[in-house]
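The task is simple: from the sequences and hints, build the whole structure.
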Amino acid sequence: MKMDMKENFKRENVRRQLMELQTLEMPELTAKWRDLFQREPPEYGVVFMRRRLACRIQELMYGGVAEETMRRIGRVNTKISRRNSGLRPGTQIKRVWNGAEYVVAAVENGYEYDGRIFKTLSAVAKIITGANWNGNRFFGFTKEVKRG
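Okay, so the sequence shown: first residue is 514 according to our numbering, each after it adds one.
Honestly, the hints are just simulated from the structure, not real lab data.
Positions of the beta carbon are idealized from the N, C-alpha and C atoms, including for glycine.
What you were told as hints is all true, and nothing was included just to trick you.
Label-pair distances were calculated between CB atoms; the ranges are: (1) G558 with E580: 27 to 35 Å; (2) T633 with E541: 28 to 36 Å; (3) R601 with D627: 18 to 26 Å; (4) T536 with E572: 17 to 25 Å; (5) N645 with K523: 32 to 40 Å; (6) V616 with Y557: 29 to 37 Å; (7) T582 with V527: 17 to 25 Å; (8) Y557 with T536: 13 to 21 Å; (9) W610 with K632: 19 to 27 Å; (10) R524 with V616: 50 to 58 Å; (11) G599 with G558: 30 to 38 Å; (12) T536 with T642: 33 to 41 Å; (13) Q535 with P602: 44 to 52 Å.
Dropping the structure here:
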């Protein structure tokens, strides 16, 4: 019976904290982030902060994903990304951006640009532009869909 009460308390505590997140604004969310992650928060909006903090609260109360599981997921994602890219190592991708030409090479474990290896084209696009991009779209592998 004591275990059930303890579990009930834990669940109620988590529910209360999750509901409270919806009432917090950026200064309070930033303080909560520092408290729960022990570091400065990334520069994201309120919606992202609330979602990530909700995950963190649940991780701390119920436990997160085991490190070995995360490593396995990472290995599988890497294999899938490589397989889905369809680019053989050595393939060069060129893009003109703001008057400058950028050349990226597909390599065994990702993409090489400016002497550095990146796991995704999106990471390369961010280095080039300073903004978040879908890498496939930035390098012209997919067409932009017009909505409206």
